[in-house]
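Asks: Single-letter residue listing:
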Amino acid sequence: MSTMALAPRVVALVLLLAFLLAPQFFAPVFAPLTHNGAPPIYTQASLLDLAIAHLELVALATVGSAVVAIALGVLVTRRAGAEFLPLSRAIVNIGQTFPPVAVLAVAAPLVGFGQAPTLIALFVYGLLPIFENTLSGLQQVSAAVVESAKGAGMGGLQRLVKIELPLAAPQILEGVRLSTVIAIGTATIGSTVAAKGLGEVIIAGLLSDNTAFILQGGLVVGVMAVLIYDAMTALERIVLRRRGVRR
Amino acid sequence: MIELENLTKRYGDVDVVSDVSMQIQPGSFTVVVGQSGSGKSTLLRMVNRLVEPTAGRVLIDGRDVASLPGPTLRRGIGYAIQGHGLFPHRTVAQNIATVPTLLGWPKAKIRARVAELLEALQLDPGQFAAKYPDELSGGEQQRVGVARALAAGPNILLMDEPFGALDPIIRVKAQDDVKAIQRRFETTILLVTHDMEEAFHLGDAIAVMSGGKLQQYGSPEDLLLRPANDYVSRLIGSSDRALRALSLKTARDAAESGDTDGLFPIAPDANLRDALAELIWRGADAAAVSGEAGTPPRRLSLRRILALGRGA
Ligand SMILES: Nc1ncnc2c1ncn2[C@@H]1O[C@H](COP(=O)(O)OP(=O)(O)O)[C@@H](O)[C@H]1O
Ligand SMILES: [Mg+2]
Chain Y
1 MSTMALAPRV VALVLLLAFL LAPQFFAPVF APLTHNGAPP IYTQASLLDL AIAHLELVAL
61 ATVGSAVVAI ALGVLVTRRA GAEFLPLSRA IVNIGQTFPP VAVLAVAAPL VGFGQAPTLI
121 ALFVYGLLPI FENTLSGLQQ VSAAVVESAK GAGMGGLQRL VKIELPLAAP QILEGVRLST
181 VIAIGTATIG STVAAKGLGE VIIAGLLSDN TAFILQGGLV VGVMAVLIYD AMTALERIVL
241 RRRGVRR
Chain S
1 MIELENLTKR YGDVDVVSDV SMQIQPGSFT VVVGQSGSGK STLLRMVNRL VEPTAGRVLI
61 DGRDVASLPG PTLRRGIGYA IQGHGLFPHR TVAQNIATVP TLLGWPKAKI RARVAELLEA
121 LQLDPGQFAA KYPDELSGGE QQRVGVARAL AAGPNILLMD EPFGALDPII RVKAQDDVKA
181 IQRRFETTIL LVTHDMEEAF HLGDAIAVMS GGKLQQYGSP EDLLLRPAND YVSRLIGSSD
241 RALRALSLKT ARDAAESGDT DGLFPIAPDA NLRDALAELI WRGADAAAVS GEAGTPPRRL
301 SLRRILALGR GA
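Protein chains in written order, with full-length UniProt numbering: chain Y, 1 to 247; chain S, 1 to 312.
It should be emphasised that the hints constitute simulated quantities derived from the structure, not laboratory data.
Where hints are given, some of them may not hold.
[Unchecked claim] Residues from chain S that face chain Y, not an exhaustive set, calculated with beta carbons under 8 Å: (1) T72; (2) R74; (3) T91; (4) A93; (5) Y132.
[As the list claims (entries may be wrong)] Computed cross-link-like contacts, DSS-like style, restricted to lysine-lysine with a CA-CA straight-line distance of at most 27 Å: (6) K173/S - K249/S; (7) K131/S - K179/S; (8) K179/S - K109/S; (9) K162/Y - K107/S; (10) K109/S - K162/Y; (11) K131/S - K107/S; (12) K249/S - K162/Y; (13) K179/S - K249/S; (14) K107/S - K173/S.
[Said to hold, decoys possible] If you anchor each label on the Cβ, the simulated ranges turn out as follows: (15) L227/Y - D167/S: 28 to 38 Å; (16) V29/Y - K131/S: 50 to 60 Å; (17) E135/S - F113/Y: 56 to 66 Å; (18) A12/Y - Q122/S: 51 to 61 Å; (19) A12/Y - P168/S: 55 to 65 Å.
All C-beta atoms in this analysis are idealised placements derived from N, C-alpha and C, irrespective of residue type, glycine included.
Next comes chain S alone, as it looks inside the complex (with noise of 0.2 Å):
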């Protein structure tokens, strides 16, 4: 568990961090979301120390950042930075095998690791292993930036708007990628970024900063059904918020017993926007969702879906 504690970063008399106080859970990805400025890279980067807090305190498990000298608290926490940041003179086998150099891992050790993390990210070794960076798309270049964040095996990964410099294409599949990485490694990953959708996309738990105070922190259906104050709602946006609200719930949780002789069928973890979407398509007033095993399908009716929606 990562705690952050009352931390406050003055520069000059401004606090461009305030007074910030918040739980992030192991193995969360959570998302602190807000407006350029709002400092949201000086919180993170008081985590691994690149800044010192004015005030306040960070514990990793309890323990105090403040007790390790700054590179050995930084060898054990990945880091990945829009722009990637990857070392132009080294090839991509030699940038991954950053940090387990620095430690001091025997070669082979090395070798596989890099060898693992390159196939984890979609990355043929054999084909990408020697290249240099500027030989490298921007999307694979993001990927090896995540991949040497990740080569020692940190447990927490933090990244400050890494997805910035991709195109929107190529960013959706990064970000998937990273969700699954994460899920895969089971990394506690605390991500920073401007892009409310990329919050929602990506975050278990988005914290919304603004002029360097923490607004709200909570999940994504805290922030969209109780926004904490005007600032929230409005960065949230309110047009599309009831279908927002609705691609957070699945099928499942939505589908009640009834009738579903003749209903075309939707998969349960399919979220309810795409549902609604399936439903106008096929001009059905319902579909059946299959249950769990051995339980009979359910019904999900358009009249439910909107009920929920309203409820947003």
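Just chain Y, with the same shape it has in the complex (with noise of 0.2 Å):
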């Protein structure tokens, strides 16, 4: 990444932090959004550890939603399950067009309130982009190249992982990318259901009606997100690189 793209990001990234550790700070940006001598900046909790505990709920959901969805992926394209991938599809999709927030209207009430319904919604909301791009990565690698593979005498577990996965993994990487933005932006609605996150101030400003704290909630959220996209854009690239996949 050239210095010019860098300098925003670095900046975006330090005012982000400045404003996580010392919010008060920054009171005076926010003030004339408020009125009638209401607080500018978020005060019931710290927005630091709002931020830590909305990142940890992100961070599982993904890590689960990435886990089953390459599996299912990887397993729809071999020989012995691509009968099962019409039905895989169907379920992912569904997954993906239920709306997180009626996820965790069905969930709240069998697992309780907190990070366990936030959870199952983002997990469920996170598989598609995986697993579509999990699947035509996989099916994306060349016949001559998979045929090769079998000629040279590799197992089916050794021309998946040698070969297969990582010619896919620029595709793979690229849908837990999507899905990491995704969740992070859909966290917030698990504080509707008492889960720890940046939610929370948002929901605040909008039942005090302080367009300051509507505000400061979004910006974190949306400027983490970029951040977080930014650097797993630049990890991803490094590791393909180092792996030949990329150059």
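Dock chain to chain to rebuild the complex, using the hints, since each chain is given by itself in its own frame.
Replies: This is the structure:
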């Protein structure tokens, strides 16, 4: 990444950290958005704690989505699993079309309030991008390459690990990245079922008609999403280059 | 020796390979030729068990290939295909090292073998070993594909239209390289192609397939001079059959004793097609073919060449 592209990201990161560590410092910026002397900065809980809890939730859910979706993608592209392709597609698609709020509504009475229903909603919602990308990544590996790997005497697992997954990795990782970003945004709804996270700030703003709260909650979530997306892209490039998949 | 015994492969209710039996001599260059869809690839893939036969069996040096696990069998047989199938995320050296690595060779031995093969295929190891496949020309990729197939020193090399993706000029060079490699490593090659020209250029023995059936299996001369049926003669084509037949014979075979004073010389290894062209070009009626050490030169006349050509 060139300095030109890096500079605004570094600035954004510094501002984000400064805001999370010392939010009161930014009070004058948000003050014009409040009326009737309402507080310009959310103080019910530490913003840093909320951000960390938010990201923990996202990380846990996305790792879960990735493991299940990649495993499913691998399964249905094996000869023995091919017949499950339509079924898996249908299930994963339903997961994506079912609104996360509805998942929360269904899950909360079953597993209780807090992190658990939110995790379930994010997990289900994150499956589709990873599954579809795994599928197309694996299907895109050239037939001649797979044939050569077989012809050289590689077994099924060796072929998968040494040839197919590395070649499909750029697309699989793109799916993981997409799911992560979607989850960072979607996790805000967890606060409706009392999951700790940045949604709390936004909801507090909505309830007390405090635009400053809504904006600071939204900004932190948005900036985190952009920075994490970029960081994952950069990391991906390094890993793929090291493995010869990208140059 | 590779023996195919009553090999049949059925997909649905179609026999795409139908009761094929043939014996492939060790060290030979055998070419299976036929139109697209005639079952050539399926036949070839039954030898290394990428396809399991519906009926019949394949023996290599008397041993049924079904007695070995597929991957183990395939590590002992070279396989090169159209469009090379090189692993795009691996360097040339890593690609060539595929089978030796699977076999657990020590690193130093692999490195030496990779260098040896690159040199044999006229690719400078210093220049090419660390390159990736997409940094090579089509001809170079094809050669690396062959090097990979030969890496563990297999006795048998299976090739499925290996030159199909090359343009005509590079193709002839690639064919000659493979032929030279075959002589050098004494590999038995079984090659599949739809190109009759290629079959005649490469094959010591040619098998003609059509509709899954083996139509004829024999030497190039056999096919030219004694086609087994109309299909084979049509496939070979009649227009330049005489010239083809001439290209299979050498000046040494055709020369007769006689007066050679003042005749221009022709190499004993030259084929009669080239000799004929040379005679026409020089406006001569005969040429002198030098004899074996100590024997006098012999005479190769236009009349003699034409007589042999008519026999075709
Ligand atoms: N796995 C398969 N399933 C069904 N039909 C096949 C399969 N593989 C090959 N065939 C059919 O068998 C016939 C012969 O194929 P192939 O051996 O590839 O011919 P060739 O190499 O001579 O072009 C073709 O009609 C092809 O469609
Ligand atoms: Mg074929």
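Asks: Hey, K179/S versus K109/S, does the alpha-carbon distance stay inside 27 Å?
Replies: Holds. K179/S to K109/S sits at ~26 Å (cutoff 27 Å).
Asks: So if I understand the rule, the pair passes when the alpha-carbon distance is 27 Å or less; does K173/S with K249/S pass?
Replies: With a Cα-Cα distance of about 22 Å, the restraint between K173/S and K249/S holds, given a limit of 27 Å.
Asks: Is 55 to 65 Å a correct range for the gap between the Cβ atoms of A12/Y and P168/S?
Replies: Taking Cβ atoms as reference, A12/Y and P168/S lie about 58 Å apart, which means the hint holds.
Asks: Given a cut of 8 Å on the nearest C-beta pair, is the interface hint for A93/S held or broken against chain Y?
Replies: violated (12 Å)
Asks: Checking one constraint from the list: CA of K249/S to CA of K162/Y, max 27 Å. Satisfied?
Replies: Judged against 27 Å, a Cα distance of about 50 Å means the pair is violated.
Asks: Checking one constraint from the list: CA of K109/S to CA of K162/Y, max 27 Å. Satisfied?
Replies: holds (22 Å)
Asks: With respect to the beta-carbon atoms only, verify the hint that L227/Y and D167/S lie 28 to 38 Å apart.
Replies: 50 Å Cβ-Cβ, so the 28 to 38 Å window is violated.
Asks: Measure nothing beyond the straight line between the CA atoms of K131/S and K107/S; if it is 27 Å or shorter, mark the hint as holding.
Replies: Judged against 27 Å, a Cα distance of about 19 Å means the pair holds.
Asks: Next pair to validate is K131/S with K179/S; report whether the Cα-Cα distance is within 27 Å.
Replies: Holds, at about 26 Å.
Asks: May I ask you to test the interface hint for T91/S with respect to chain Y, counting a Cβ-Cβ separation under 8 Å as satisfied?
Replies: Cβ of T91/S sits 7 Å from chain Y, so the hint holds.
Asks: Is the hinted range of 50 to 60 Å satisfied by the C-beta distance from V29/Y to K131/S?
Replies: For K131/S against V29/Y, whose Cβ atoms are near 55 Å apart, the range 50 to 60 Å holds.
Asks: Can you verify the interface hint for Y132/S: is its Cβ closer than 8 Å to any Cβ in chain Y?
Replies: holds (7 Å)
When held up to the earlier numbered hints, the structure conflicts with 4, 12, 14 and 15 and fits the remainder.
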